[in-house]
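2 protein chains.
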Amino acid sequence: MKCSKCKKDAVIFQRYSGMHLCIEHFTKDFEGRAKKTIRQHKWISSGDRIAVAMSGGKDSSAVLYFLRKIFGKRPDIEIFALTIDEGIKGYRDPSAVFKIAESQGVKCHTASFHEHFGITLDEIVKEKGDRNSCSYCGVLRRQILNAYARELGATKIAMGFNLDDEAQSVMMNVLRGDSERLLRKQSPVEGFIPRIKPFSSIPEREVALYADLYIEEFEERGCPYSHNALRADVREVLNDYNYRHPSTKYALLKLGDELKEGTCSDSTKISRCSVCGEPVFGECHTCRILNDLKKTITEEKNDMEI
Amino acid sequence: MKCSKCKKDAVIFQRYSGMHLCIEHFTKDFEGRAKKTIRQHKWISSGDRIAVAMSGGKDSSAVLYFLRKIFGKRPDIEIFALTIDEGIKGYRDPSAVFKIAESQGVKCHTASFHEHFGITLDEIVKEKGDRNSCSYCGVLRRQILNAYARELGATKIAMGFNLDDEAQSVMMNVLRGDSERLLRKQSPVEGFIPRIKPFSSIPEREVALYADLYIEEFEERGCPYSHNALRADVREVLNDYNYRHPSTKYALLKLGDELKEGTCSDSTKISRCSVCGEPVFGECHTCRILNDLKKTITEEKNDMEI
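Here the protein sequences come in this chain order: A and B.
Using numbering that gives the first Met the number 0, you'd call the opening residue of the first sequence number 0 and step up by one each time.
Using numbering that gives the first Met the number 0, you'd call the opening residue of the second sequence number 0 and step up by one each time.
No lab work stands behind these hints, which were simulated from the structure alone.
Hints may contain errors.
[Said to hold, decoys possible] Between beta-carbon pairs, the in silico distance windows are:
1) 71(A) with 127(B): 53 to 63 Å
2) 282(A) with 127(B): 13 to 23 Å
3) 300(B) with 229(A): 28 to 38 Å
4) 242(A) with 34(B): 40 to 50 Å
5) 15(B) with 27(A): 43 to 53 Å
6) 16(A) with 46(B): 51 to 61 Å
7) 229(B) with 89(A): 43 to 53 Å
8) 282(A) with 235(B): 29 to 39 Å
9) 115(A) with 281(B): 13 to 23 Å
10) 16(A) with 1(B): 51 to 61 Å
11) 239(A) with 18(B): 26 to 36 Å
Where is the CB? At the ideal position from N, CA and C, for every residue including glycine.
Build the full structure now, drawing on both the sequences and the hints.
What follows is the structure, encoded as structure tokens:
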């Protein structure tokens, strides 16, 4: 297939936009959307020191590449990499992350479970089994990431989460009825470095393509302890449903943001319809429908009389 | 199978409770839960005049039967039936609803699209096709129901919605990202008669069984214009997922209530952990995990030393 914007070979078909895109136009579209996301959330401003949380996988490597490409020449913005060594033998070798960071010309810092907590994930699994390893690891990793980024003077932590990750997270919180987490506001908290997610509105497969195009080598293996059955289940349900209703992942992303903003509307917005006098929330749908029907019928009558 | 509570034959297996129940124990359990729902929401109190919105189908007929059985002898509570004649030839014959109401010894009132709006649903479909008939009908029916119940002096409108209906509604609003509808508060509004949904925490199949047991004859046909493809899709997704995670429908019901209550938490709840000093939301999960690990390791050491 050819690119919908030029004559070159297309590398991807975006089902939701109906467009085939070549490397150049895909890249322009991709980076444009990531920049728009950053602008919308006012995520980056002059003086920022951005710690990119690197796992060495496609998403975080692509975020590092993207941020360097867009903000790398800005003297008022600093970018560096930060990787957590959970202590999983044969996986997530920090030296691989160092190599990616080096290729992007940024410094890379490592913090390890062993040094910080005195225990590695391998040891935790040995003690506790691997049933809850993901939730243990998640809690500890989030804490060390925040503490170490703060120590290094970071003002933002950039995460690789893509649209699929975000939509899945909203959906998981919904399906377990976790209103507290859905409504939790994200106002600034002392000691807590704000997270930014430049790719949060970009589908997983496009982030994967972007990484394939621009990152020479990234970690492709999954964590040996990872078997988050619930997320895998939600991912499948969501991918299926999204196939039939292609804007669903975006709707979930928007929903997640709006619930957090907590713009709780209330019934004071209810007023009386000036025509029928009934209580209505916003526009009176009854009168709209009836007017519309009246119009249709009148037009038909006129047609018949002419 | 035998009832888990006595020796009689079971009529249903509740997967979520693990119990087989006979007619008597099923009825007791069913009505107990509906009563609990009413108490929790403070839905019925002395002086109430309850209009039961009757379609003549299983859910609304069962609600009428239930309310009559529980509150029928209370002199301070009045119950009557209210049915809407949308004007669909050969479907929802008001006289069938009258028969059910009569068998329960309550008055039945009818309001019709024809009288109220000067047009029937058959005529609307003739003008507009049946693509949006459900949403036209929904808007008009809600309006006429409220206006007529108010005219009749009702203080509450009882609806037949069951757990499946409620969970599907929350899910539909989630999947289309409708935060406004999810967060909309339900404070009292002048002219708007509050809805009560006694069966909102009871699965559809149990309401169907209850209706089979106690209602002689109810409308079993679906509306000829009904083809709400989105709800059917969501119903299937939800039933599948709920089979694997049996508390999901309850979680969605709870979520819907909590979002409406709008108890927006905020990050002021964040404090510093007294042990590690990191910002935490509630309990410090890091310290909990580390303490737990320390305990496990110490116990193992002691075991080895003994």
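Quick rundown of the hints versus the structure:
| no. | hint | result |
| --- | --- | --- |
| 1 | 71(A) with 127(B): 53 to 63 Å | holds (57 Å) |
| 2 | 282(A) with 127(B): 13 to 23 Å | holds (18 Å) |
| 3 | 300(B) with 229(A): 28 to 38 Å | holds (34 Å) |
| 4 | 242(A) with 34(B): 40 to 50 Å | holds (43 Å) |
| 5 | 15(B) with 27(A): 43 to 53 Å | holds (51 Å) |
| 6 | 16(A) with 46(B): 51 to 61 Å | holds (58 Å) |
| 7 | 229(B) with 89(A): 43 to 53 Å | holds (47 Å) |
| 8 | 282(A) with 235(B): 29 to 39 Å | holds (32 Å) |
| 9 | 115(A) with 281(B): 13 to 23 Å | holds (22 Å) |
| 10 | 16(A) with 1(B): 51 to 61 Å | holds (59 Å) |
| 11 | 239(A) with 18(B): 26 to 36 Å | holds (32 Å) |
Checked against the numbered hints above, the structure violates none of them.
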